[in-house]
Every structure is written in structure tokens, then in C-alpha cells.
Amino acid sequence: MALPGGGMPCMGPFGRRAGGGGGGQGPDFNNLTPEQQQQVMMKQMQAAMESCPIKTVISGGMGFALGGVFGLFMASMSYDTLYNPNQQKLLDMPWRQQLRVGLKDMGSRSWSSAKGFGTIGALFAGTECVIESYRAKNDMANPIVAGCITGGVLGATGGPTAAAFGCAGFAAFSTAIEYYMRHG
Numbered sequence: 001m002a003l004p005g006g007g008m009p010c011m012g013p014f015g016r017r018a019g020g021g022g023g024g025q026g027p028d029f030n031n032l033t034p035e036q037q038q039q040v041m042m043k044q045m046q047a048a049m050e051s052c053p054i055k056t057v058i059s060g061g062m063g064f065a066l067g068g069v070f071g072l073f074m075a076s077m078s079y080d081t082l083y084n085p086n087q088q089k090l091l092d093m094p095w096r097q098q099l100r101v102g103l104k105d106m107g108s109r110s111w112s113s114a115k116g117f118g119t120i121g122a123l124f125a126g127t128e129c130v131i132e133s134y135r136a137k138n139d140m141a142n143p144i145v146a147g148c149i150t151g152g153v154l155g156a157t158g159g160p161t162a163a164a165f166g167c168a169g170f171a172a173f174s175t176a177i178e179y180y181m182r183h184g
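Numbering-wise, our numbering puts 46 at position 46 of the sequence shown, and it's gapless, one number per residue.
Worth flagging that the hints you see were computed from the coordinates, not collected in a lab.
Just so it is clear, the structure is predicted and the values come from calculations on it, not from any experiment.
Beta carbons are placed, not taken as given, at the ideal position from N, Cα and C, and that holds for glycine.
Incorrect hints may appear among the rest.
[Claimed, not checked] Restricting the straight-line Cα-Cα distance to at most 30 Å, the calculated cross-link-like pairs of lysine-lysine (DSS-like) are: (1) K55 to K115; (2) K137 to K55; (3) K104 to K89; (4) K43 to K55; (5) K104 to K115.
[As the list claims (entries may be wrong)] Ranges of calculated distance between the beta carbons of each label pair, as one might list FRET restraints: (6) A162 to M49: 33 to 39 Å; (7) S108 to T175: 21 to 27 Å; (8) M62 to M42: 18 to 24 Å.
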């Protein structure tokens, strides 16, 4: 895999700078064998995936996408009953206007759900990554503490009681999910 431009300093296959010792710039990336290029790229991707900002952005993006789909699904389910007074008003409208109102409602609910899920995903993943980096351990305590912090932050606008319940709720949920993921 040859990259245009070359001249990029890179790491060798065993973590050393390519091109021998010294602090100078190594040979350009295009002069490495394909296997060496692949190893360099894999190490760079792995290092990027282990960084807290990248984990936070990826988790926030995935949460945003999942929340959008969830919101779209839930909005589509709200039109299943005729006993709702607002539903009767919608049925009295022409077909095109019904469609326009329904799609607008689905879009706003999907957007709202996507923002919420994205915020929660980014906040939890970023917090857990920082805790794991600080503690230098990967155990059950990290997601529990991250869940408590996430729940507390999300509930803080409702006051101390809401923050405490948010902390306890998210910590319990994180514990259950982490236990399931570790022990099947």
C-alpha cells in the first residue's frame, strides 16, 4: 500500500524507528515492504483506537446513530391507535398533509433520541476510558464508576436527589451489562 507523497516518518515492524538508529527521519513509507507497511498501519490504527478522544467520538457517533434509529422506530409506533384525540385530528387532514406531519414528527423524535443516546455514549465511554487510563486496570470497577459519574452528570440538572438516583441507576445498569459481557 503505497501512499502518495511519501516522506512520512514511521515506526518499523518492531516498534523502532524505521531506518536504523539516530533521531533523524526514517525512510519514506513507500520504501517499506508491503508487510512492513501493513504492520506500521496496524500499529497506528491500534494506537488511535486506544486513545480516549477517539473512543469518545466513536461511542458518541454510534450512540447517535443507534438513537436515531430507535427514535424513528418509536415514533412510527405512536401512530398505531385511533383512541388518541390528536390522532383523530390527523385523520381528518388530507393524505399529503398527514404524511408531512408524520414525517416531521418522526424526524424530530429521531433527532431528539439521537442526541440523547449520543451524549450518553460519549460521556460514558470518555469517562470510562479516563478512569481506566488513570487506574491502569481493566476491571469491573471502571464501568461502575463511569456509570455513576454519567448518571450523576445527566441527573445534575434535576438537583442532588436526581443526580444521586442517576448515579445509582447508571451504576447498576453498567454493572449488569459488564457482568453479562464478562461472564456471558
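Against the structure, the hints:
1. Annotation: proposed proximity of K55 to K115 holds, straight-line Cα distance about 17 Å (limit 30 Å).
2. Under the criterion of a C-alpha separation no larger than 30 Å, the hint pairing K137 with K55 is consistent with the structure, at around 17 Å.
3. With a C-alpha separation of about 16 Å, the suggested pair K104 and K89 falls inside the 30 Å cut-off, and the hint holds.
4. As the CA atoms of K43 and K55 are separated by approximately 16 Å, the hinted pair is consistent with the 30 Å bound.
5. Distance hint between K104 and K115 is fulfilled; the C-alpha atoms sit about 17 Å from each other, no more than 30 Å.
6. In this structure the supplied range 33 to 39 Å holds for A162 paired with M49, their Cβ-Cβ distance being about 34 Å.
7. Between S108 and T175 the C-beta distance comes to about 34 Å, which lies outside the given range of 21 to 27 Å.
8. Between M62 and M42, the C-beta spacing of about 22 Å keeps the proposed range 18 to 24 Å intact.
When each numbered hint is compared with the structure, a violation occurs for hint 7 only.
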